[in-house]
Each structure stands twice: as structure tokens, then as C-alpha cells.
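Q: Using the hints, put the two chains back together into the complex; each one sits in its own frame.
Which chain is which? The protein sequence lines are U and S, in order.
Numbering-wise, the first sequence is residues 1 to 205 according to our numbering.
Numbering-wise, the second sequence is residues 206 to 424 according to our numbering.
Rather than coming from a laboratory, the hints here were simulated on the basis of the structure.
Yeah, the Cβ is synthetic: ideal placement off N, Cα and C, and Gly gets one too.
Every clue listed holds true.
Simulated restraints on C-beta separations:
| no. | chain 1 | residue 1 | chain 2 | residue 2 | range |
| --- | --- | --- | --- | --- | --- |
| 1 | S | I360 | U | I176 | 22 to 30 Å |
| 2 | S | V361 | U | T66 | 34 to 42 Å |
| 3 | U | W71 | S | N382 | 57 to 65 Å |
| 4 | U | G67 | S | P282 | 35 to 43 Å |
What the simulated footprint calls covered on chain U by chain S, stretch by stretch (three residues with Cβ under 8 Å from a Cβ of chain S suffice, anywhere in the stretch; the number is not a length):
| no. | stretch |
| --- | --- |
| 5 | 20 to 26 |
| 6 | 173 to 185 |
Pairs of lysine to any residue, SDA-like flavour, derived with a Cα cap of 25 Å:
| no. | chain 1 | residue 1 | chain 2 | residue 2 |
| --- | --- | --- | --- | --- |
| 7 | S | K220 | S | D232 |
| 8 | U | K170 | S | V237 |
| 9 | U | K106 | U | G40 |
| 10 | S | K391 | S | G372 |
| 11 | S | K313 | U | G67 |
| 12 | U | K36 | U | E101 |
| 13 | S | K313 | S | A264 |
| 14 | S | K418 | U | I171 |
| 15 | U | K106 | U | P54 |
| 16 | S | K305 | U | D80 |
| 17 | S | K305 | U | M88 |
| 18 | S | K220 | S | V237 |
| 19 | U | K204 | U | L151 |
| 20 | S | K391 | S | I380 |
| 21 | U | K61 | U | A91 |
| 22 | U | K61 | S | K305 |
| 23 | S | K313 | U | A68 |
| 24 | U | K10 | S | I397 |
| 25 | U | K61 | U | L4 |
| 26 | S | K305 | U | G67 |
| 27 | S | K313 | U | I87 |
| 28 | S | K418 | U | R172 |
| 29 | S | K418 | U | L183 |
| 30 | S | K391 | U | M198 |
| 31 | S | K313 | S | V257 |
| 32 | U | K33 | S | Y415 |
| 33 | S | K313 | S | Y377 |
| 34 | S | K418 | U | Y173 |
| 35 | U | K33 | S | I409 |
| 36 | U | K33 | S | I421 |
| 37 | S | K220 | S | P343 |
| 38 | U | K10 | S | M396 |
| 39 | S | K223 | S | I260 |
| 40 | U | K33 | S | K418 |
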Amino acid sequence: MQELFNIFVKSIFIDNMVFAYFLGMCSYLAVSKTVKTSVGLGIAVIFVLGITVPVDYLMNKYLLSTGALKWLGDGFAEVDLSFLSFIMFIAVIASMVQLVEMVIEKYSPALYSSLGIFLPLIAVNCAILGGSLFMQEREYQSIGQATSFALGSGIGWFLAIVGIAAIREKIRYSNIPAPLRGLGITFIITGLMGIAFMSFMGIKL
Amino acid sequence: MNSEKSDREPLFSLKNRKLITNPLSKDNPITVQVLGICSALAVTAKLEPAFVMSISVIAVLAIANVIIALLRNTIPPRIRIIVQLIVIASLVILVDQVLKAFAYDVSKQLSVFVGLIITNCIIMGRLEAFAMGNKPWPAFLDGVGNAFGYAWILIVVAFFRELLGSGTIWGYPIIENLGFYNWGYKDNGFMILPPMALIVVGIIIWIQRYRNKDLIEDK
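Chain S on its own, in the form it takes in the complex (with noise of 0.2 Å):
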């Protein structure tokens, strides 16, 4: 357990873990909860942007659940939504100014996709869903949860599909070196595709929904 202790509720109490770790399975949400799957399919041809747009995405859900949760009995029921996406597009804003400056050159590979983290499902869902009536701490777990189980997927999809489309690994050619090549194996240029990524999120949900029978669904 953890040792800091606040006087009502344990920082890290049984329900504030759950907050983090329910979202990185039974309650992903990309493949349960079916949010934010435009950004996770478009960025996964290699790992290096993956893991940028993951961090982005950690970066704006978690501080947006906690200023929405701090405004939370402030903001009008009528304008909520337009305050939400004000939050959001200002936070995407400084994130894309941020990787303009320090890391050009993926700003360039994610192209748009940095600027429709605004309209990334997972952010207004949690925002709409939890920060809107719970405190800051919780809602900070909460979003944290949330992009952590957004995270792994794109990074699990993008792995497979760098080292069997590319032969890489974060750009080391891994297969290289091992020396496949000379036995005559050949990479799979159509992993690099946009429809393989599809095919790839499909065996993953496939998957988990055997490990997971609740998952299944009804016909």
C-alpha cells in the first residue's frame, strides 16, 4: 500500500486503483468502450509517433479531467459542451506548439491527427462521463487510466506493425541483425497499410474477448 495517507481516503484507496486499472482491460477504451479509434488506427505504421500521440493524449485527458472537475459546479449544464471543447482545443493547442518546437519532425508524421485529438472520443466521453461529477483527484486517476489504456493498444498495434511491416524497432533493424534476410525472409510492406490496422485492432478485440467471455456480445 501506499504510505501517503490523506485524512478521509487513502490516496491510493481499493476504488482510486480501480479508477486506473479497469480501463487497461476489461474496461478499455478503444476496444470496449469503442472511443478514439480515428487517432489510434491512422499513427500506428511505426512506434515513434504512436508513442508521441500516446503521450499527447495522457497529457490533455488527465490535465482536461482535472480542470473540468475543478469547474465542474461552476459551468452551466446548457454551455457545457462548448466549455469542454474549449478546454480541450486550448490544451491541444499547447501541445501542438510544444511538438512543433522539440519534435518536428513527428509533428509532420502525425499531421493532423494532433489537431482531432480535440475530437478524440476518450477526452469528451470521460470529460461528459466522470470529471463532470467527481473531485480533481479521481478525475486526474480517471484520465490517467483511461489514456493509459488508450496507450497500450496503439503501442502493442504499432509494434507488430513496424516489425513486420518494416523490420524495425523505433528504427533499429532488428530483423536486420538477426540476419533473417539471408534465409530469404522478406518484410510484409502491407502491414505499413492503412487497412492492416484495422485487421490488427480486429485480432487484438478478438483476443481479449476470448480471454474475457463477458466481453462477448449478443447476437
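Pulled out of the complex, with its shape left as it was, chain U reads as follows (with noise of 0.2 Å):
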């Protein structure tokens, strides 16, 4: 349990998608002008990620690395497939975000019309796919310790984007010198709060 908890924590501070790997810029960068569209986007991303990295997960155990076929029979224990892992985990990411918008939809329309136009982009959005890609290089023990890994970054992410709204939505008041206005001020105030966040590294989990 303590084990979960230490790779969850780990993922939201010292790992954080933003700011250690910048998983996920576009849409850092282009959605975080007002808090309210980015506290959407960033609890949509917390959603995708927890879906889509434990079905990733199983995926590569139960299909894709070696002697994952042996449920098939002996023939098949020697076979190695991870080189597929990449289309497949697009895939698996594309169909479930497609599955997850439909479910919304059904049975919950006002999180749909709060989350609806944020969940299409999010299928390409490069925090996803760096969450499957993550959790199958660190070769994770169990599908919880996954999951709490997925959680995790999920979390930091939305941290980063509603902070980074949060600064940009004060800074338009400020006099900026103009070649830097805009996307100039953003990068440079991400790094400062990827500074920041380094402050969490002499954590030993």
C-alpha cells in the first residue's frame, strides 16, 4: 500500500509530466489562457490517464512482451511483439477515448458539455501516450502500481496547467517587454516553476 502511495506522490512532484519530461506542451501552452478551460482540460487528461494506462498495461502484459502469448499455448511462449507497442497503444488510447466520450455523453450530459470538446484533442496529446510509453519502460509490477502511476500524472499535469493559467491570467495586466509578450513569457515562467518544482527532488521515496 505504502508502495502506491510512494509512486503516486512520486509522479505528481518529482516526475512530474511538465516539468521534468514536457509531456503535453501544445496543449499546455495553447489551452492554459483562462483557469476555467484549463481546469477542464486538466481533469480530462487526469481521466484519460487513469483509463488508458492499466488497459495499456494488460495490453503489453497479456499480448505484447515476451512470453505474453503463453495463455495461447507453448508454441507461442518464445513470441516477442513489443515492437508493435506503439500502434497499438495509439490505438488502444484513439478507441478509448472515442468509448469514453460516448459513455459521457449517455449518462452524463453536463460533464459532457464541460469536457466534450477537450477529450478529442486529448487523443493526441503527447502526455497519454508518454504515460503508456512510461509505464511500459519502467516495467511496473502490478496493474495498482500502474494505475497510482497514471493518478499521479494526471494530477501533476492538471497542477501545472491551472497554475500556469493562474500566473498568465495576472500577468496581462503587466508591461511586458513586447517581443516577449504572449509565448516568450509563458516559457520562461514554466521554467521558473519547473525550478521550482526540482525543490522536490531530495525527496527520498
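A: Given below as C-alpha cells:
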């Protein structure tokens, strides 16, 4: 149990998706103009990561990695399909996003109207595919670990985008040098936030 | 001018040359269109991985643009995103396997970022915006141009981060050989850490917009 909690905290603060690995930067920069939309996108990312990473974990364990196909019989025990993982993961993500969108539309129209526009965007957000690829690379041992990593990364991403959106709302009234306005200053602020987040690196988990 | 000429339009007509030169400066994918930032920042601590990443993106983008431009009249619009993703993912698998075979160390350093070429917004963006509506040859030029626009930013960022952070260029210890350490110069280890990549790109954007006033954003 403690191990799951460690993975969770580590993926929020120390291995933060935005500040340590720059994943999902495109939507991070494009959608962070107001706090309200960035909260919507952040929740959608947590949601989709929390679903796709465990599914991709099962795919990796029972279909792709070496010896994963043992359940088909001894003849398949040596098969290694891991080179197919990119195509497999992206297909899972695209179809899960579609599925999630349909389920939400049916059962919670209120949630759909607030998340709806972001869901298709998310299929090509690198944070989602990055989550699955990190899950594969770091070789998490159980589906519990994969899930807590996914939720942690999602929450870390949520914190980052809400933080930058709040700063950008305030900074609109500041007198920034003209060439630095907009994109430039957002980059530099993100860098400074990243430096602040680095102070978590000393924590041993 | 170029001596190769086709019947209708010269191979390197003014319009076609613009396709290559525009993305290098005033239509740059990273600093102006804000696409493909993720990988641009993550692989630039050293020159070598940045160079390998640039080559991979150039190859994937040019080939994917040509394939989609060839298929553009046969792809049903409703499923075009899936078709584009499959084309890109197959090309990235090829690149990944080639890197694992011939440059294993660099492929380990790049880790998940080779796979993340699939979701690199530059590639999807160019396929969607250009290759779906143009002939293969202009699509190829557009792909090469945009990929080079991406590549030169990567190389510049990696050059400064490696020079100031580790005191080397492509692993060659230039600062040590010039004898700077004897005068008390110290490497700035901060440059290797992830946040500095953001700040270096921020400064490049600053310089570019200072020189080209058209790009300045309104309040």
C-alpha cells in the first residue's frame, strides 16, 4: 500500500509530466489562457490517463512483451511483439477516448458539455501516449502500480496547467517587453516553475 | 536556378522554394506555430541525441507527407485521423527499430521520446493542413522545410546547453582544451536540467520577435 502511495506522490511532484519531461506541452501552452478551460482540460487528462494506462498495461502484459502469449499454448511462449507497442498503444488510446466520450455523453450530459470539446484533443496529447510508454519502460509490477502512476501523472499535469493559467491571467496586466509578450514569457515562467518543482527532487521515496 | 525542369512547373519554382524557406524563420513550427514542443525540449541536453532526433523527425515527416499526399483522394474524410496515425506509427516503428539496431546508446538516451514522435503535433499538423490538399512533391518539400525548421531550433538549444552545461561540443571537451578551467571557469550544471531548456527557447523566441516585429502578439 505504501509503495502505491510512493509512486503516486513521486509522479505528481518529482517526475512531473510537464516540468520534468515536457509532455503535453502543446495543449499546455494553447489552452492555458484562462483558469476555467484549463481546469476542464486538466480533469479530462486525469480521466483519460487513469483509463488508458491500466488498459495498456494489460495489453503489454498479455499480448506484447516476451512470453506474454503463453496463454495461447507453448508454441507462442517465445514470441516477442513489443515492437508493435507504439501502434497498439495509440490504437487503444484513440478508441478509449472515443468510448469515454460516448459513455459520458450518454450518462452525464453536464460533464460532457464541460469536457466534451477537450476529449478529441486529448487523443493526440503526448502526455497520454507518454504515460503508457513510461509505464512500459519503468516496468511497473502490478496493475495497481500502473494505475497509481497514471493518476499521479494526471494530477501533476492538472496542477501545472492550472498554475500557469492563473499566472497568465494575472500577468496580462503587467508591462512585459513587447517581443516577449505571450509565448515567450509563458516559456520563461514555465521554466521558473520547473525550477521550483525541482526542490522536490531531494525527497527520497 | 535549378536545371531540372518538369513540363508544367519548374521543380524548384519560387512557390516551392518558399515551402522550404518559410518554416525556417517566419513560419517556424516551434517558435511561431507552437507545435512539437515536447520532444524539442526533452532531448536537447546534449547535441548528439538532438541531432539524431532531428534526423528521425525529418525522415518521418517527409515520408508521411508524401504517403498521405499520394493517398489524399482515397482516404474517406471521416476516418482520416486514424489513417494518419497508422501511417505515422508505422514509420516511427521503422525509425525506432533502425535506431535500436545502429545507434543503441542514443536510442536508450532518447527513451520514450522516439515513440512520442507519433504524437508530435508538427507531423499531424502538417499532414492535416498541407498533405491532405497538395501533390506529393510540394508535400515532400513542405515536410522537409518544417522538419528543418524544427531541427535548427533543436540544434541551437542543444549547442548552448551542452557548451555551457557540460563544457563540451558533441562530447569534445572544448572548454577544457582551451584552458578555461585553469582561470577558474566552472561549468553551469544548471543548464543540463530540464527547466533551462524552456528558458533557452524563451530567449530564442524573444530574439526572433525582436528582429521580426510582425510576430509580436497583441495584448
